Each structure stands twice: as C-alpha cells, then as structure tokens.
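Peer 1: Each chain is listed here by its residues.
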Amino acid sequence: MSASASAVPPHPAGKGQIPAQAGIGLRFRHHREVLDSRPAVAWFEVHTENYMGGGAPLGCLDAVRGDYPVSLHGTGLSLGSAQGLDDAHLERVARVVERVQPGLVSEHLSWSTVDGHYLADLLPLPMTEEALEVVCANVARVQDRLKRAILVENPSSCLRYRHSTLPEWTFLAETARRTGCGVLCDVNNIYVSACNHDWDASGYLAGLAPQSVGEIHLAGHSVRTLEGGRELRIDDHGSRVAPAVWALYAEALALFGPVPTLIEWDTDVPALVVLMEQAGHAAGLMNEHGNEHGHAGRDALAA
Amino acid sequence: MPVATPSLLELQRAVARELISPGESPAAEFVHTDGIAACDRLNVYRNTYVSTLVSALRIAYPVVHRLVGAAFFEGAAQLFGQAHPPRCAYLNAYGALLGDFLSAFEPAASLPYLPDVARLEWAVNCALHAPDMPGLDAARLPALAVADPARLRLVPHPSVTLLHCRVPADAIWRAVVNEDDAALAAVNPDSGPAWLLVERAASDVQVLRLPEPAWRFAAQLCAGAALQHALEEGCVGADAWLADHLAAGRFVDFVA
Numbered sequence: 385m386s387a388s389a390s391a392v393p394p395h396p397a398g399k400g401q402i403p404a405q406a407g408i409g410l411r412f413r414h415h416r417e418v419l420d421s422r423p424a425v426a427w428f429e430v431h432t433e434n435y436m437g438g439g440a441p442l443g444c445l446d447a448v449r450g451d452y453p454v455s456l457h458g459t460g461l462s463l464g465s466a467q468g469l470d471d472a473h474l475e476r477v478a479r480v481v482e483r484v485q486p487g488l489v490s491e492h493l494s495w496s497t498v499d500g501h502y503l504a505d506l507l508p509l510p511m512t513e514e515a516l517e518v519v520c521a522n523v524a525r526v527q528d529r530l531k532r533a534i535l536v537e538n539p540s541s542c543l544r545y546r547h548s549t550l551p552e553w554t555f556l557a558e559t560a561r562r563t564g565c566g567v568l569c570d571v572n573n574i575y576v577s578a579c580n581h582d583w584d585a586s587g588y589l590a591g592l593a594p595q596s597v598g599e600i601h602l603a604g605h606s607v608r609t610l611e612g613g614r615e616l617r618i619d620d621h622g623s624r625v626a627p628a629v630w631a632l633y634a635e636a637l638a639l640f641g642p643v644p645t646l647i648e649w650d651t652d653v654p655a656l657v658v659l660m661e662q663a664g665h666a667a668g669l670m671n672e673h674g675n676e677h678g679h680a681g682r683d684a685l686a687a
Numbered sequence: 029m030p031v032a033t034p035s036l037l038e039l040q041r042a043v044a045r046e047l048i049s050p051g052e053s054p055a056a057e058f059v060h061t062d063g064i065a066a067c068d069r070l071n072v073y074r075n076t077y078v079s080t081l082v083s084a085l086r087i088a089y090p091v092v093h094r095l096v097g098a099a100f101f102e103g104a105a106q107l108f109g110q111a112h113p114p115r116c117a118y119l120n121a122y123g124a125l126l127g128d129f130l131s132a133f134e135p136a137a138s139l140p141y142l143p144d145v146a147r148l149e150w151a152v153n154c155a156l157h158a159p160d161m162p163g164l165d166a167a168r169l170p171a172l173a174v175a176d177p178a179r180l181r182l183v184p185h186p187s188v189t190l191l192h193c194r195v196p197a198d199a200i201w202r203a204v205v206n207e208d209d210a211a212l213a214a215v216n217p218d219s220g221p222a223w224l225l226v227e228r229a230a231s232d233v234q235v236l237r238l239p240e241p242a243w244r245f246a247a248q249l250c251a252g253a254a255l256q257h258a259l260e261e262g263c264v265g266a267d268a269w270l271a272d273h274l275a276a277g278r279f280v281d282f283v284a
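One line per chain: the protein sequences are A and B, in this order.
The opening residue of the first sequence carries number 385 in the working numbering; numbering runs sequentially from there.
The opening residue of the second sequence carries number 29 in the working numbering; numbering runs sequentially from there.
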C-alpha cells in the first residue's frame with residue numbers, strides 16, 4: 385500500500401519562495417525591531433499556532449510577509465495521532481496558510497493529542513509499521529486540505545519504545561516516499577537523539593533521500609545530568625548551535641546541497657543580532673560545503 | 029518480564045495518563061531503559077508538558093500572576109492543569125476556566141476578588157486574540173433601521189465580552205497593569221459590582237464600565253436576543269446605546 389506522491393498537486397514557484405539561504409525563527413520580541421529596521425535576513429519562519437487569532441500579531445506577520453519570504457512551522461497537528469487529526473485544528477492551520485501564503489509549511493514526526501487531550505509537547509512515536517501507516521494517512525490528509533506538500537521534521541527524543549522495529553530515518557524516509565511530503569532535517573535533533581540513543585548521526589543523514597530534504601533546522605541544546613551521572617541531551621533551543629552540530633550540518637550540506645536553513649531559538653531568546661550572527665555562520669558553511677550538488681526535485685516542495 | 033505490544037492508541041493513552049497523572053499508567057513498561065529509568069525519561073516529557081501549560085496560563089493571566097506571586101501561581105496552575113488538561117493545540121484558547129477554578133480553590137480564599145480578576149483577564153485575553161472582523165457596514169444601517177424589532181438579532185464582534193463582576197475587578201486589573209501600587213492600595217474591594225464591556229478597539233483592548241441598565245441591554249443583544257426583547261429589558265436611552273455600539277463596531281452582522 386502507498387499513498388501516491390502524485391496525489392499532491394504541484395504548485396508554482398514565485399515570490400515568497402524560501403531561498404536556499406539562512407533564515408531566522410521570528411519570535412514576538414523581535415517583531416518591532418524587524419518591522420522598524422528591516423534587517424538583512426534571507427527569510428523568516430514563524431510558529432503557525434502563534435498566528436491563529438487576529439489583532440496585533442497577525443498584523444505584524446502580514447507586514448513581515450510583505451518584505452520577506454515566510455515559512456510556517458506548526459507544532460499542534462499531531463501527525464502521529466492514532467485517532468486521526470483534529471479537524472478544527474487543521475482548519476485553523478489552513479486559514480493561516482491561506483492568509484500568509486508561505487513558502488514552506490512544516491510539522492513534526494511526533495504526536496501530541498489523544499482522546500481530545502492536547503499534551504503540549506512533541507511526543508515520540510513507536511517506530512512501527514502501524515505508526516507509519518497512521519502518520520502517512522494523516523500527512524496525506526493535511527496535504528489534501530492545504531493543497532500543497534508539507535515538510536515533516538525529525539524529532540529529538542530521550543526515549544525509545546521496546547516494540548519499535550524501524551530505524552527512525554527509515555520511518556521518516558518512508559513517510560516522504562509514500563506521501564510525497566518533504567523532510568525538514570533538524571540537524572540538532574539528529575545530534576541530540578544520536579547522543580541519547582547511541583545512534584550514528586552520519587548514518588541517519590545518509591538514510592534520508594537527498595532530494596526529499598526541503599529545509600534544515602539548527603538550534604542549541606542543553607545537557608541534563610541525571611542521578612548516577614548519566615546524561616540526557618535536551619533540545620531546548622536556548623543557546624548557540626553547538627560545535628558538534630555545526631560539524632554535522634557541514635556533513636548534511638555535503639550530502640544534500642544548499643538547503644534553506646533556519647536558526648531556531650525559543651528559550652531566553654537573545655538579541656536579533658545574535659541570531660543574525662548564527663545565520664551568518666550557517667551561510668558561511670553553506671558556501672563552503674553546499675555547492676557540490678543541485679537538487680531540482682526540491683523545487684516541487686516550495687510554493 | 030515479557031511486555032505485551034501495545035497498539036498505537038493504547039500506547040498514546042498510557043503516555044497521556046502518565047503525563048497528566050504520573051505513576052498510574054503502564055507507559056514505563058513500553059520504554060527502553062538503556063541505563064536510565066523509564067520514569068526518568070518520561071519525566072522529561074511530563075516536565076515540558078507541565079511547564080508549557082503553566083507558561084500558557086502565565087501569558088494569559090499576567091495580573092493574577094502578579095497578584096499571587098510566581099510560586100503560588102505555578103502551584104495553582106499545575107493543579108488547574110490536572111483538573112482541566114487542554115482540549116486543543118491552540119494554547120491561546122487554553123485556561124478559560126481558571127476564574128471558576130480559583131473561586132473553589134481553598135488557598136486563594138483570602139483573596140475573594142481573585143476569581144473576578146481572573147474572569148476579566150480571560151475576557152481581555154479573548155479580546156487580544158479574537159479574529160479580525162470589520163464592524164457592520166454603514167451601507168446596511170438603513171436596512172437595520174427598518175427591520176422588525178421583534179425579529180432583529182445582532183451578531184456581536186468576536187472580541188466583545190460582557191462581564192458582571194461582584195467586585196471592582198477593573199480597578200484592580202488596571203492598577204496592576206499600570207504597576208500603580210498607590211491605585212491598587214486605594215481600591216476598595218467592597219465598593220460594589222462592576223458591569224464591564226471588554227473589546228479590542230483598533231489594536232488595543234479596552235475595559236469599559238457601563239451603567240447596569242446599559243450593560244443588561246448590551247448583554248441581551250450579545251446573547252442573541254431580539255432587539256425588542258432587549259429593549260423591554262433595557263430602558264430609555266437604548267437607541268443611543270445601540271448607536272454607540274454600532275459606531276464602535278461592536279456588531280458585525282444582523283438577521284431580521
């Protein structure tokens with residue numbers, strides 16, 4: 385069984401397309417500064433759930449969208465829910481997508497809703513054929529409603545389930561193959577999960593189809609030491625990108641070619657100039673490592 | 029010990045129980061330990077869940093947070109989260125019942141005004157996030173004027189809430205928002221009820237105090253009562269009140 389990739393209608397490239405350059409996650413504390421100073425940032429990404437109402441936030445986003453390509457990154461669709469998607473939430477997402485006309489739309493390979501309870505986190509899925517079928521059906525439903533392909537992001541996790549049978553990279557690659565969605569490759573998440581589960585991070589990158597990768601995320605993480613001295617890495621988006629993650633990013637660029645790359649920072653958000661400096665570092669690596677490949681297939685994922 | 033393989037739905041229900049009421053579910057049995065106890069791994073997610081809820085409530089209820097302090101707020105918010113887990117992924121809509129929860133929350137009994145302040149903050153939060161919608165088009169006013177008052181019903185702007193408080197919650201709210209300790213100290217919590225209209229005008233949220241009859245008239249209309257019914261409930265001056273509401277864009281549509 386497979387949901388055919390050709391079921392997703394193509395959509396035209398044009399103004400607002402996310403360039404293969406380094407962008408920044410736009411948070412509320414920087415709205416005013418961005419609108420006043422129009423900084424030299426290639427593109428911005430925002431959390432879809434922050435713009436589901438009206439008033440000032442949506443007005444700001446409209447203004448930003450007038451000058452920059454914008455990507456919408458959702459956290460609430462719960463693509464892994466066994467009971468299917470929350471129709472009301474999918475409609476909220478669709479309204480924001482229609483309003484913003486984003487260059488990319490993305491969500492997570494995770495779940496957060498069961499029996500009508502929203503658990504306010506990106507919870508890990510068991511890597512089973514049953515879960516894969518659930519995710520593919522839900523992704524197909526989102527793409528049908530939005531009339532465009534989405535990107536699905538690999539999670540970071542600090543637990544695995546005993547009954548998992550598939551490697552996470554295989555699960556993600558298979559989701560892309562069956563639904564025609566793209567992959568949002570979060571390099572920090574790969575690093576965090578690889579450390580937590582003793583995976584080979586390079587092998588994870590190699591397990592993805594290069595032409596499916598439509599975006600890369602970079603962020604900082606923290607290390608939590610538990611009783612007994614064991615460490616868990618936590619993807620808290622609260623610091624600069626770690627050196628080991630920059631190194632893994634360079635590997636990703638060599639494999640995937642230049643890909644729209646986002647600096648995310650959600651905890652203790654620093655001055656915009658710090659985010660621009662991190663984006664500048666990503667841009668430098670993209671110039672250095674990202675030019676060996678061209679990937680025409682990726683264009684089909686952008687608006 | 030052999031562990032049964034859960035279906036995806038069984039697993040998700042077990043993890044949900046573990047997050048909302050820890051220690052009562054079999055979720056830990058489904059998790060690889062690898063040198064770290066399953067419950068410690070699950071706790072990372074539970075901590076994120078709880079802190080995200082507390083943070084969402086703190087954003088919606090900054091005045092309550094200031095009035096009770098961070099530690100009290102966090103404790104109350106966690107208990108509220110257990111009693112009322114969120115029902116949707118749009119967290120700006122989470123926390124509507126905090127005022128009711130606080131009215132039955134024994135540790136807050138010494139602050140009898142707190143539930144009304146919380147209800148006012150919720151109305152302010154709703155006004156902040158309400159969808160954008162233009163007021164009734166002036167071109168439709170002639171049709172409104174000749175409509176049968178027995179059948180005419182108005183549709184309120186989604187940012188409008190009519191709120192009756194037993195205490196001067198607006199005065200307390202305003203003093204805290206303005207960080208005006210003198211004004212806060214000057215509020216007499218026993219000075220009687222407040223009849224409030226909360227709305228988003230242009231981009232700012234406004235909290236207006238109405239005379240009780242004007243409030244009852246507006247509340248009737250916003251609840252979907254026919255104009256004639258609202259007029260019977262109201263009194264002289266209702267025409268002017270209605271004109272004010274229409275001019276302020278508080279109604280977006282009507283059916284007659």
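Simulated from the structure, these hints should not be mistaken for laboratory data.
On a predicted model such as this, the values are computed, not experimentally measured, just so you know.
Mixed in with the good hints there might be a few duds.
Okay, the calculated bits of chain B under chain A, using three or more residues with CB under 8 Å as the criterion [said to hold, decoys possible]: (1) 64 to 75; (2) 110 to 118; (3) 153 to 161; (4) 166 to 179.
For every residue, glycine included, the Cβ atom is placed at its ideal position computed from N, Cα and C.
Peer 1: Any hints from earlier that this structure breaks? Give me their numbers in increasing order, please.
Peer 2: 4
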